[in-house]
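J.: Take a look at the letters that make up each chain.
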Amino acid sequence: MTARERIAGTVANYVDERTGAAKWAKKNLTKVFPDHWSFLLGEVALYSFIILLLSGTFLTFWFDPSQREVLYEGGYEPLEGLHMSAAYASTLHISFEVRGGLLMRQIHHWAALIFMAAIVVHLLRVYFTGAFRKPREFNWIIGVGLLTLGIVEGFLGYSLPDDLLSGTGIRIAEAIIQALPVVGTYIAFFAFGGAFPGEAFIPRIYTVHVLLLPGIFLALITAHLMLVWYQKHTQWPGPGRTEKNVVGYPLMPAYMAKAGGFFFIVFGVTAFLGAVASINPIWLYGPYNPGQISAGSQPDWYMGWLDGLVRMAPPLESHLFGHTISWNILIPGLIIPGILFTGMALYPFIESWITGDKREHHLLDRPRNVPNRTALGAMSLTFMLVALINGGNDIIATNFHLAINQVMWFSRISIILLPPIAFVVTKRICLSLQRADRELVLHGRETGRLLMLPHGEFVEVHEPISPELAWKLTAHEQAPALALEDFDARGVRRRGGFKNKIRKRISRANAEVIAKPTASDLKEIEHH
Amino acid sequence: MSNEIEAIKDPGLPAHVHRKTDTDPIAEKRAERQVAILFLISALGTLLFIYSYYFIADDVFIFLPVMGSSNAHQLFLGLGLAIALFFIGAAAIHWAKTLMPDEEVIAMRHTLRSEDEDRDAFVATVKERAGAAGLGRRSLIKRTMGLSLGLIGLSPLVLLRDLGPLPKDDLTKTSWTAGTRLVTDPGDRPIRPEDLEVGAVAQVLPEIRPDQKRTLNDIGKDAVLLIRIRPEEFQLSAERLSWTHEGIIAFSKICSHMGCAVALYEQSTKHLLCPCHQSTFDVPRAAKVIFGPAARPLPQLAITVDSEGYLVAQKPFTEPVGPSFWERSS
Amino acid sequence: MKRLSQLRRSRFSSPLLLVIALFAIGTTLSVASASNKSELTVDQRTAQIAEGKQIFLKGCSSCHGLNLEGSAIAPSLIGVGAASVDFQVGTGRMPMADMSTQAVRKKPVYNAEETAALAAYVASSAPGPAIPDESALNYERDGNAAAGGTLFRTNCAMCHNFAAQGGALTQGKYAPTLMGVEPKHIYEAMITGPQAMPVFSDKTITPAEKLSIIKWIKGAEKEPQLGGAALGRVGPVTEGLLVWTLGLGLLIGVAVWLATKAR
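Residue numbers (our numbering), protein chains in the order written: chain A, 1 to 528; chain B, 529 to 858; chain C, 859 to 1121.
Some clues are possibly wrong.
Once the Cα atoms are required to be at most 30 Å apart in a straight line, the calculated DSS-like pairs of lysine-lysine come out as [what the hints assert, rightly or not]: (1) A/Lys-31 - B/Lys-548; (2) A/Lys-134 - A/Lys-427; (3) C/Lys-1061 - B/Lys-798; (4) B/Lys-701 - B/Lys-816; (5) B/Lys-843 - C/Lys-1119; (6) A/Lys-358 - A/Lys-516; (7) A/Lys-232 - A/Lys-358; (8) A/Lys-134 - B/Lys-843; (9) B/Lys-741 - C/Lys-1119; (10) A/Lys-358 - A/Lys-26; (11) A/Lys-523 - B/Lys-537; (12) A/Lys-358 - B/Lys-816; (13) B/Lys-843 - B/Lys-701; (14) B/Lys-537 - C/Lys-1119; (15) B/Lys-798 - C/Lys-1042.
Covered stretches of chain C (in silico footprint by chain A; criterion: 3 or more residues with CB under 8 Å from a CB of chain A, positions within the stretch not fixed) [said to hold, decoys possible]: (16) 999-1011; (17) 1071-1079; (18) 1085-1093; (19) 1104-1111.
Calculated directly from the structure, the hints in this document are not laboratory data.
C-beta atoms are modelled at their ideal positions from N, C-alpha and C, and glycine is treated no differently.
Okay, chain A solo, but in the shape it has when bound:
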């Protein structure tokens, strides 16, 4: 035994005698993880969160979350001698006097944008591959929760410096709160400690941003990861992969090295962005003043869709019995997002209701093999994209020589017309791809080589595909539509008739697929 082995043994023994860790460690160091690049998207989000914690802690050592008025004497000439909040002044101090301060501020903000982008891309991957199905429904709901909280956390974060742009965002948030029927003005006054802007909001959101939400994030992320760990990661269908196994690489050493290395990659790319690209240059925005506004004011991208919905909303307001309900704020700001996110959270249950599928699934779907789900996803994405684009309609107008009025009308019409079109187009594309797969399996790959037969006919030589590829293209299930009888065996009409009718209709549409080729089909073809 070498000296190193002896020391390691002593340490391991010390820990194991107090925690019994050896058994757990032995089992988990050999845990198998499937390897695909699309499984790293969640890791980008996880590592971005850690980067946010680290860079954020750095910033808290200098940031003063107070709205009390101070006189700026810091050395940035265009703001010299101005009155501003301590929060803004301390952010200027971090940016200009603390070495590495501006770099850390930028890394923190870039990491936040990447965090949200990674969550969205990860969500799309999980959605389109059906990884949210049983037993992973809880994890999906936790994920939607993380997305929602991430949006709030990001908004609160960039509002902390109290600059003109983020202050405008807070003003708009206050207007949404104020618009709530019955309780709006009370909640707004409680949140702001009085009228807007007051002096209480920034210190309060600091506590939420630095303590409450990170705490909730840590808990939810831990639960999210523990579920993935315990339930084991899903895997793509392929040769040797079944619902009952996991094929991949063991945690130690390959997966640890790759996953650990990827953390440094994410941190490095974020630091690179922080080094070369300016983000949130608050010294140019100036301190917040409710009488000031900049052209082209937008929230960060993950809230851009909300801004876009609010911009395109029709000017509807009801005045009833001495009270006002602002539909032009409530519908785009609360009701539509509420419906979207609730629908998103409940989707695993909606889909299992439609398909009647109550089994566990550990093999992923190729999106083309589930055309309805893929088309629904494309439809939702189209909706969000139109809303997002409309959030930047004034910047688009200036840069592409359009009128904001034109862009606005385009968005109002597209957000209703384009999603259903996207649904139909995507579904048709999925079915075509299924047809192409079927062709590939039955007839092989087109080699482009032409052969002249003795009697003069030209044929293209097709190469049969490998059995591995044939399996990959046909491994998926194609369940028939639900057979829900209106009347049971004794002629009694089933309860829930209307619900069942809808379920049957959707289930039938859902089961519209191109039949996958079978070995029998192959044998038939061989004969001619």
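Position chains B and C against the provided structure of chain A, taking the given hints into account.
T.: Just chains B and C now, with coordinates in the frame of chain A:
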């Protein structure tokens, strides 16, 4: 039908393909060197980071394509950190890919569902022990427990009452009263009608006494926009026309939609545009909404001149300024 | 030897003569040129107005009318002042090429002399804002950047954006970027209110305040990127775009490399 059709079979895991580094010792050594170089680059990055922190002054600027004149301290500090981090990752990944074992391993999934006997034992345990607690039987305990837990749930709500004052009539009042002078923002200079030309615009606030201080809360309600057009261009009711003075009209600057400052005046069209959500207001028609999501025109401030010829408010705003709320009656 | 002869032969005579000569030439030149710039003689002025009228009739009257009265497609120029002409013609906006939404800044058609002539002609029709004098445009000395920033954010940023990069107005109009605009033209725009821009009278924004605004704009223009590439100085839109292209692109690229089997 189904038992006649034979599905395509799973051919099983393909045979393991060895990497060059597995079979060729020269390739292996080369991969090792590559990993080492990557780690070294990272070390250089850290050195650049430390050097930049201590030795590059923050008023040194260098010119780079695409980026323009850049702050050298910030750029090299960041690049040093980025290189330091990125190449540790690149080294670890390259090491794993080329030198660590890459044989695919199969592990079996365990059924998540517990064994029937475990489930039955669980149900039995819960039933027995819940029965022992007696909550079902002992309704007096159940009810009083419900009462105490429910009441204590109210205590945090009670504690939060002092988060803020009740709105009362704060949202309906501004600092404008009869006779308040309009002063420039910034500058606090009173304004005469002759100071504004046709087509001119001025940002104004109510005058404050020398001992008073203007807070952001005040600005958030009191900000007013003063616009001068030709008097004959107004299309107003007689009452609203009486609130103008020689073609000068005053509106609350706080958008009736969501509270941004509507300061953007287009002289050629006489429209006000709010940059937040593009609500457009027509000045000659008392800021009537002609585009965008705002549902109400901007409140108009009635103005006139005082005995010294300065513009003053005739009376307070006749409606609350800013975004709508439940208690707003119109 | 006589005193003068002695002096002439002194070794300081040459340098002294040089200095005297330089002084004399310099003074004469500045006196002569100063009188040219600030005051034309009555004759020179009349000639300038006549020249301006000729240029106007040839290049502007088709839209602005033979007597500056305007027409259906162009406003009257009576009373707009020399400052308006200097701004519009000096920035190339006039003559207007594309009649669709608004006049855009482009390479001026008329040179400085022709522009001055046009301005003099228009100013001769009725009193209007005058071209600010050089001495009145010393923003470095007379302006305060911090005050200028506050003034800019209150009066200008809602159209021109917080960093003077420009912004959208209604129906396709836009407030242009202020980067690369001469201080004189910025001043003239404020006092004449071209096209959709309102007028900022000298009583509501004093001349000193106008100079502060110009000082702030020039400072923002010259200010190097403090945090890295500025991404257009338009805020979160371009920042988000960068994340979704460069940021995610790099990360997904590395992820694909990570998961690919080595050869």
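J.: Against which earlier hints does the structure fall short, listed by number upward?
T.: 5, 8, 9, 10, 12
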